[in-house]
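Student: Using the numbering used here, the letters of the sequence shown correspond one by one to residues 71 to 687.
Hints may contain errors.
Below, simulated SDA-like cross-link-like pairs (lysine to any residue); rule was C-alpha separation at most 25 Å, straight line [said to hold, decoys possible]: (1) K685 to Q481; (2) K546 to A610; (3) K538 to E418; (4) K624 to E640; (5) K347 to G307; (6) K685 to N668; (7) K367 to G307; (8) K283 to P259; (9) K596 to G630; (10) K203 to E221; (11) K354 to D241; (12) K97 to S85; (13) K615 to A591; (14) K367 to S296; (15) K306 to G363; (16) K148 to T224; (17) K101 to N196; (18) K72 to K155; (19) K101 to D243; (20) K214 to E231; (21) K367 to S462; (22) K211 to L200; (23) K179 to V122; (24) K440 to S451; (25) K263 to E418; (26) K97 to K203; (27) K533 to N411; (28) K403 to N668; (29) K546 to D608; (30) K155 to R202.
Beta-carbon label-pair distances, calculated as ranges [as the list claims (entries may be wrong)]: (31) A489 to K615: 41 to 49 Å; (32) K214 to Y629: 39 to 47 Å; (33) K664 to D628: 33 to 41 Å; (34) A682 to L496: 21 to 29 Å; (35) A635 to P454: 39 to 47 Å; (36) L152 to D254: 27 to 35 Å; (37) P674 to D252: 48 to 56 Å; (38) A236 to T206: 31 to 39 Å; (39) G490 to L152: 17 to 25 Å; (40) K414 to S273: 13 to 21 Å.
No lab work stands behind these hints, which were simulated from the structure alone.
Yeah, the Cβ is synthetic: ideal placement off N, Cα and C, and Gly gets one too.
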Amino acid sequence: MKVMIVTTPIRPTPSGFPPFGSLALIKNLRKAEFNDVEFYDIDGNRPAFENVIEYIGEARPDILGISAVVSTAYEYCKRLSLAVKEILPDTFIVLGGNMGASANVLLRKTGIDIVVLGEGERAFANIARLARKTHTPADFKDIKGLMLLDETGTLINTGYETPLPADQLYDIDWDDLEKASDMDRYIRPHDEKADAGWIQYSSHAEDSRWRGKRIGLLYASKGCVSRCTFCHRWDKGIRFIPVPIVMQRLDEIIERFNVGFLQLADENFGTNKRWLKEFCAEIKKRNIIWRVGTRAKGMSPDIIGMMRDAGCASIIYGNETGSERMLQIMEKKISIDDNYNAVKWAIEAGLGSKVQLVLGMPGESTETVKETIEFCKFTNSILPYQNPNDLSINYAQALPGTPLYEYARAQGLIGRGIAGEEEYLLQISDRDAHDEYTTLNFTDYPKLICETWRPLITVTVNKHYVEKFGLDQYHKVLYRDTDHFRNKSESGYFANPKRIMETSGTGTLNDSEEFEMPSLAKMVLKGQWGLALISYPDMAYRMRKFLVLQVLIKDLKDYGLAHTAGLLREYLSFRISRLIKPYAFKQEYRSLRKIIGNDIESLPGDSEAMGALRKGR
Numbered sequence: 071m072k073v074m075i076v077t078t079p080i081r082p083t084p085s086g087f088p089p090f091g092s093l094a095l096i097k098n099l100r101k102a103e104f105n106d107v108e109f110y111d112i113d114g115n116r117p118a119f120e121n122v123i124e125y126i127g128e129a130r131p132d133i134l135g136i137s138a139v140v141s142t143a144y145e146y147c148k149r150l151s152l153a154v155k156e157i158l159p160d161t162f163i164v165l166g167g168n169m170g171a172s173a174n175v176l177l178r179k180t181g182i183d184i185v186v187l188g189e190g191e192r193a194f195a196n197i198a199r200l201a202r203k204t205h206t207p208a209d210f211k212d213i214k215g216l217m218l219l220d221e222t223g224t225l226i227n228t229g230y231e232t233p234l235p236a237d238q239l240y241d242i243d244w245d246d247l248e249k250a251s252d253m254d255r256y257i258r259p260h261d262e263k264a265d266a267g268w269i270q271y272s273s274h275a276e277d278s279r280w281r282g283k284r285i286g287l288l289y290a291s292k293g294c295v296s297r298c299t300f301c302h303r304w305d306k307g308i309r310f311i312p313v314p315i316v317m318q319r320l321d322e323i324i325e326r327f328n329v330g331f332l333q334l335a336d337e338n339f340g341t342n343k344r345w346l347k348e349f350c351a352e353i354k355k356r357n358i359i360w361r362v363g364t365r366a367k368g369m370s371p372d373i374i375g376m377m378r379d380a381g382c383a384s385i386i387y388g389n390e391t392g393s394e395r396m397l398q399i400m401e402k403k404i405s406i407d408d409n410y411n412a413v414k415w416a417i418e419a420g421l422g423s424k425v426q427l428v429l430g431m432p433g434e435s436t437e438t439v440k441e442t443i444e445f446c447k448f449t450n451s452i453l454p455y456q457n458p459n460d461l462s463i464n465y466a467q468a469l470p471g472t473p474l475y476e477y478a479r480a481q482g483l484i485g486r487g488i489a490g491e492e493e494y495l496l497q498i499s500d501r502d503a504h505d506e507y508t509t510l511n512f513t514d515y516p517k518l519i520c521e522t523w524r525p526l527i528t529v530t531v532n533k534h535y536v537e538k539f540g541l542d543q544y545h546k547v548l549y550r551d552t553d554h555f556r557n558k559s560e561s562g563y564f565a566n567p568k569r570i571m572e573t574s575g576t577g578t579l580n581d582s583e584e585f586e587m588p589s590l591a592k593m594v595l596k597g598q599w600g601l602a603l604i605s606y607p608d609m610a611y612r613m614r615k616f617l618v619l620q621v622l623i624k625d626l627k628d629y630g631l632a633h634t635a636g637l638l639r640e641y642l643s644f645r646i647s648r649l650i651k652p653y654a655f656k657q658e659y660r661s662l663r664k665i666i667g668n669d670i671e672s673l674p675g676d677s678e679a680m681g682a683l684r685k686g687r
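Kindly generate the complete structure, drawing on both the sequences and the hints.
Tutor: If you want it as structure tokens, here you go:
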């Protein structure tokens, strides 16, 4: 029996993260004695769709496993599954990944036969065993970890499969990826200019030692200690991979791929302090420069000092907001002081850090945005070498399986029934969370005002930096981090304004190392509005009172007259109503999960089998 596992495009830019989930699934299938397993990396290679269908058609897999990490791949998954069913009607199509939270839509509107819930290794192996005898979905209802339709078309949830022990997590064979993809995408060469921050913030690096080294990526844990109300994932709790196994995997990529820089991809790196102490002691022996992302809560100067001494060059926190009230809505389970202190301690220890924000959750207002601005003014101007544009500001994106998605359904922002949910999934397909066009408005403010908040944060923080350290120093760090305004590609990881610096190529500069500010007129004519805002901080700050007009002009150019006229009507109506009644958030500032659970009734017609998926884990 032939099995093929494919990845799907989840964003306009191919991911630089190795597809560990798919690779782990493949290795586990081989352990279960399924040897005819092929990996097809559609996301990484981005072949034309007709070539994808031709390739799968020639391979004729008995089982096609579709890895759908995020629901923004819905349109592609639907198109792919229906096209495969048309040419290979007997191929059994199984979908896994976080998109499975939309199982009811997937099973009724696409060519998917079965959806895997949560961790897929055990469930998929069980599917493959039974698929030797039958491809009728209803026959699989005794296997844990699935969503399927029975003989009568009733949706069945078989419950979650037992999670893997920590020592078996992300167990992969790099040969599978190397055969299927260009490894430079996933373990890429270190660029001395574009990646200068790796060495700049390291405590024990000399430039010459790291020439020719590559940047690798590994997981050291899986899951999270928290359940943020916008977070789209399956895993319950957190499991730390034993340090000896992590080091064994690190030694492999050091030897095999000449890795000298390591990105840890964990959501919650090192929150187990005993594990972290052992990890730091071991990785220090390998003289690797490494970066992590983690929670602000539980950090301390001593812990950060230990990490830096072991080679850590950067800690990025999921701060998300500078407002205590919004932390409650998000259920971050940290205090605003945790956010302030964690960034301060990292910067003062000499580490790099970037603030990441989620803007526009229910309850967001001009007051909470002002609180976030004060937070970012502090965090992004602690020391002069910082770039105040090291901010990644995403909009809250409602993804299935989250309280935010259920709030959107309850408020009528997402249509009712399967048709309404599919319409929304198609709308956000291939869209990032930094995209203001498809972002739903969860606030009580008009969308036009919400769209001014991100540039308002940017220009205010930049102005504060200039007042503190001077315009010359601002130009210096801006010029440094845009590689003399020659950057032209994005990592796909950050939102604006950080993303603007990654894509700041103006095409107007020579190779001179002398500072030369790009022409404002040329940037505006080329539609580089964001780059103009960060390049001319004083002017941008003075023009902040006209941000509504600036956003209107940008939306008119990007999205057309009808869309922009609708924004303007909503804005004018809001302004008139505010003359009569002041703003007040309709709900109490508490976890959105509690608001959904206690204050909002279940929607009529919801399937009971979808209940557990809608609540998330």
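Student: Quick one, are K538 and E418 close enough, alpha carbons at most 25 Å?
Tutor: Roughly 17 Å between the alpha carbons, so the hint for K538 and E418 holds.
Student: Would you check the hint for K211 and L200, treating anything up to 25 Å between C-alpha atoms as holding?
Tutor: Judged against 25 Å, a Cα distance of about 11 Å means the pair holds.
Student: Need the status of pair K155, R202: alpha-carbon distance at most 25 Å?
Tutor: holds, 18 Å
Student: Could you say whether the range 39 to 47 Å given as a hint is met by the Cβ separation of A635 and P454?
Tutor: holds, 45 Å
Student: Given the hint that K203 pairs with E221, does the C-alpha gap stay at or below 25 Å?
Tutor: holds, 17 Å
Student: Tell me if the beta carbons of G490 and L152 are separated by a distance inside 17 to 25 Å.
Tutor: holds, 20 Å
Student: Does K155 sit within 25 Å of K72, going by the straight-line distance between their CA atoms?
Tutor: holds, 16 Å
Student: Measure nothing beyond the straight line between the CA atoms of K101 and D243; if it is 25 Å or shorter, mark the hint as holding.
Tutor: Given pair K101, D243 holds - Cα atoms ~12 Å apart, limit 25 Å.
Student: Are the Cα atoms of K148 and T224 separated by 25 Å or less?
Tutor: Satisfied, since the Cα-Cα distance of roughly 21 Å is no more than 25 Å.
Student: Given the proposed pairing of K685 with N668, does the C-alpha separation stay at or below 25 Å?
Tutor: holds, 13 Å
Student: Could you check the hint for me, namely that A682 and L496 are 21 to 29 Å apart, CB to CB?
Tutor: Since A682 and L496 have Cβ atoms about 25 Å apart, the given range 21 to 29 Å holds.
Student: Decide if the proposed pair is consistent with the structure: K440 and S451, CA atoms, cutoff 25 Å inclusive.
Tutor: holds, 17 Å
The structure is consistent with each of the numbered hints, conforming to all of them.
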